[in-house]
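*Asks:* Construct the entire structure; sequences and hints are all you get.
So the protein lines, in turn, are chains G and Y. At position 67 of the first sequence (counting the first as 1) the number is 67 in our numbering, and the numbers step up by one without a gap. At position 63 of the second sequence (counting the first as 1) the number is 1063 in our numbering, and the numbers step up by one without a gap.
Treat the hints as calculated values from the structure; they're not laboratory data. All clues stand as given, with none of them false.
Each computed EDC-like pair below joins lysine to aspartate or glutamate, with the alpha-carbon atoms no more than 16 Å apart:
#1 G:98 - Y:1102
#2 Y:1064 - Y:1088
#3 Y:1041 - G:5
#4 Y:1020 - Y:1065
#5 G:103 - G:2
#6 G:36 - G:83
#7 Y:1014 - Y:1088
#8 Y:1020 - Y:1088
#9 G:36 - Y:1102
#10 G:103 - G:3
#11 G:70 - G:2
#12 G:68 - G:26
#13 G:98 - Y:1059
#14 G:36 - G:58
#15 Y:1041 - G:38
These numbers come from a predicted model, not from an experiment.
Below are the chains, spelled out letter by letter.
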Amino acid sequence: GEDVEQSLFLSVREGDSSVINCTYTDSSSTYLYWYKQEPGAGLQLLTYIFSNMDMKQDQRLTVLLNKKDKHLSLRIADTQTGDSAIYFCAVSMNRDDKIIFGKGTRLHILP
Amino acid sequence: GAVVSQHPSRVICKSGTSVKIECRSLDFQATTMFWYRQFPKQSLMLMATSNEGSKATYEQGVEKDKFLINHASLTLSTLTVTSAHPEDSSFYICSASIGHNEQFFGPGTRLTVL
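*Replies:* Next comes the structure, spelled out in structure tokens:
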């Protein structure tokens, strides 16, 4: 079945850019998501990209998709302390289909 | 945006007892609700999908007699962990969607079985 992999931990200085990487195995994944989970809270959809797109930008967030390499990344510009959270990469075949999640990357912000 | 609540947020129970977790869509009618389980430092694993008024569809390896799901209305789904054991301790998260659209996630319920 589909497998989604991402590193478990990333440490970044406040004000720098954070780049969280993700790889997936099923090339037929159509929707690719980034979710944010803050301590004790549910998942918040940050952004998503269709498989026919290479890039999507939304304020401080930039998503890059390399479909050939099945690689997805999330860049957070000017990282702030409020960005400290676990970021989950996830994919699905269709919008209402089962979502397969990675294990999450814990983003730690250094002062 | 759409809000999904879960109750309780945290529960501790003795081994052998049953625990019910509620998932509610507060400002929309959810045609489909999903139940996930999250172990520490692990991804969310889909347990089952339920449509209002229908029996839930369970993922492979999830015991339907152990994890009872009821989706009696368009705003409420319940997950009952029957005869809970310590290995059932986990973070349970529900999500809800309207038709073929985005899933909105609840804040999760942490279950600890002693």
